[in-house]
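With the hints as your guide, set chain B onto chain A.
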Amino acid sequence: MKALFYYFERDLVKWLRGRVTVVSSLVMPATWLVFVGLALPTKFTDNYLAFITPGILVMTTLFSSLQGGTLMIFDKILGFLNKFLAMPSPRESILYGKILFISVRGLLQATVILLIATLLGVRILNPINIILIYLTLFLFSVFFSALSTMIGLYLSDHDSYSAVNSMISMPLFFTSSALMPYEVMPSWLSTMAKLNPVSYAIDSIRMLFEGGMPVQGLIGLAIGAGIMVLLGTYQFRKAFV
Amino acid sequence: MIEIRKLSRSFGNLIAVNNLDLSVGNEIFGLLGPNGAGKSTTVMMLTTLLKPTSGTAKVCGYDVVKESKKVRSKISYVPQDMAVDRKLTGRENVQLYAKLYGIPNRNSKVEEVLEMMGLSDRASDLVATYSGGMRRRLELAQALIHEPEVLFLDEPTLGLDVSGRKKIWEHISMLKAEGMTIFMTTHYLEEAEKYCDRVAIIDKGRIEAIGSPENLINSIGEDASLNDVFLEKVKTPEEQVSFNSTQFRNLLRRR
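From first to last, the protein sequence lines stand for chains A and B.
The first sequence begins at 0 in numbering that gives the first Met the number 0 and counts up one residue at a time.
The second sequence begins at 0 in numbering that gives the first Met the number 0 and counts up one residue at a time.
Hint data in this document are derived by calculation from the structure and do not stem from the laboratory.
Misleading hints may appear alongside valid ones.
Straight-line C-alpha distance at most 20 angstroms; calculated PhoX-like pairs for lysine-lysine [said to hold, decoys possible]:
no.	chain 1	residue 1	chain 2	residue 2
1	B	165	B	175
2	B	232	B	203
3	B	98	A	13
4	B	73	B	50
5	B	65	B	5
6	B	68	A	1
7	A	193	A	75
8	A	13	A	1
9	B	69	A	1
10	A	42	A	1
11	B	98	B	86
12	B	5	B	86
13	B	50	B	68
14	B	86	A	13
15	B	50	A	75
16	A	237	B	68
17	B	68	B	98
18	B	98	A	1
19	A	237	B	50
20	B	65	A	237
21	B	65	B	50
22	B	50	B	203
23	B	166	B	203
24	B	57	B	69
25	B	73	B	175
26	B	86	A	75
27	B	68	B	57
28	B	203	B	234
29	B	69	B	50
30	B	108	B	73
Looking at chain A on its own, in the form it has when it is part of the complex (with noise of 0.2 angstroms):
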């Protein structure tokens, strides 16, 4: 599984040397954070930087994992997935080298928005929850970047993806607990954010900003993962193998 990680390399690589690609992917969350974060007056709680920046967090790597679909997109229209088809490395590696490369770079984004936060003064209660924050961004990106990998080889067209992407994108966000909680939510929004895959992350992220350990949202977001990942090897040895 040597290969995972060359593949892996190769896409780092490509995505650091975009530098305009690096610096744009992060103003949309830097934005939300301090615009929304800092400006939008609330009667729940009176941080609500320190509310949101959970819910920014997890934006970033859910609009990182769904932007991820492109690259095996081009891969394939671009001729690259042939070569490497062709090769005798196993041919799943491609597919888990994507995955990753996707997740890895959803966490760096997160990186620079957790900095940000702790500038504008978030504070984690308990710094050793850090470490399973990243763990809970890293399951939640695996689960969407698996996805949007899956819906990528699918529809093998960049323009249709995006339509598909910028659909799903939103929506999922804002029926999410990212902007409120359940308890101000209307009935209707708070039934659909309960279900929304994206409210476990999010919500597990408060959880451990706060202190806690969410024990049940981290089994449920590897489970998520697990699945998606099984998915996505069994369409694409489907496709290719």
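Frame of chain A; chain B shown alone:
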């Protein structure tokens, strides 16, 4: 090196490759044919990227379906897309392949193939700055890193200028001289005539003619070329719709 027996592949109702029989030895073999004739489908089945609907094919003695991994370790495939990473340097592009193939003494081998393809002095530059010919040679360098026994090339000279094409062909001939089998597709019949040991013309998934370029040309007549053989054997839809010059002139005048 390549043994194809009754190989077929269909996509829905379309039969892309129809009962193909072919054996290729240690030579430069050119697969010629109009667009959509089944050339790429054939290459993709031989490189284990596509499963045949029926029939068998063996490359280096290994079955392309049952022993596909062994086939992949013996071959290299260069598709026509020019898939090299623009944001990586030439050297990094080759290194990726050396890593994926698990080449021992990686660095010296990478320098060796870069040198072979005449890319040593530009190896540290990003591929974004390379010309089309250099990118194609970089792909050949990637393909040669694990010393394959059979090299599959899909339109290796497509879109290159005259000197770029000449250079690619010199490299291909050199590889053949060193004992490599080269299986390629091309639209440039003059090139096939000059450099291929044998060619096959396929149309609608069937072989219409096969042999050395000289023999095929002689069968048509003196002063003929491979182009004449091709036009004789292949009836493309474009050709069947005859060109009506009077009508075309009238249309032009009407504008």
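Hints, verified against the model:
no.: 1; hint: 165(B) / 175(B); result: 15 angstroms, holds
no.: 2; hint: 232(B) / 203(B); result: 11 angstroms, holds
no.: 3; hint: 98(B) / 13(A); result: 17 angstroms, holds
no.: 4; hint: 73(B) / 50(B); result: 18 angstroms, holds
no.: 5; hint: 65(B) / 5(B); result: 17 angstroms, holds
no.: 6; hint: 68(B) / 1(A); result: 17 angstroms, holds
no.: 7; hint: 193(A) / 75(A); result: 36 angstroms, violated
no.: 8; hint: 13(A) / 1(A); result: 19 angstroms, holds
no.: 9; hint: 69(B) / 1(A); result: 19 angstroms, holds
no.: 10; hint: 42(A) / 1(A); result: 52 angstroms, violated
no.: 11; hint: 98(B) / 86(B); result: 18 angstroms, holds
no.: 12; hint: 5(B) / 86(B); result: 43 angstroms, violated
no.: 13; hint: 50(B) / 68(B); result: 13 angstroms, holds
no.: 14; hint: 86(B) / 13(A); result: 6 angstroms, holds
no.: 15; hint: 50(B) / 75(A); result: 18 angstroms, holds
no.: 16; hint: 237(A) / 68(B); result: 16 angstroms, holds
no.: 17; hint: 68(B) / 98(B); result: 17 angstroms, holds
no.: 18; hint: 98(B) / 1(A); result: 9 angstroms, holds
no.: 19; hint: 237(A) / 50(B); result: 12 angstroms, holds
no.: 20; hint: 65(B) / 237(A); result: 16 angstroms, holds
no.: 21; hint: 65(B) / 50(B); result: 10 angstroms, holds
no.: 22; hint: 50(B) / 203(B); result: 19 angstroms, holds
no.: 23; hint: 166(B) / 203(B); result: 32 angstroms, violated
no.: 24; hint: 57(B) / 69(B); result: 11 angstroms, holds
no.: 25; hint: 73(B) / 175(B); result: 15 angstroms, holds
no.: 26; hint: 86(B) / 75(A); result: 17 angstroms, holds
no.: 27; hint: 68(B) / 57(B); result: 12 angstroms, holds
no.: 28; hint: 203(B) / 234(B); result: 10 angstroms, holds
no.: 29; hint: 69(B) / 50(B); result: 15 angstroms, holds
no.: 30; hint: 108(B) / 73(B); result: 17 angstroms, holds
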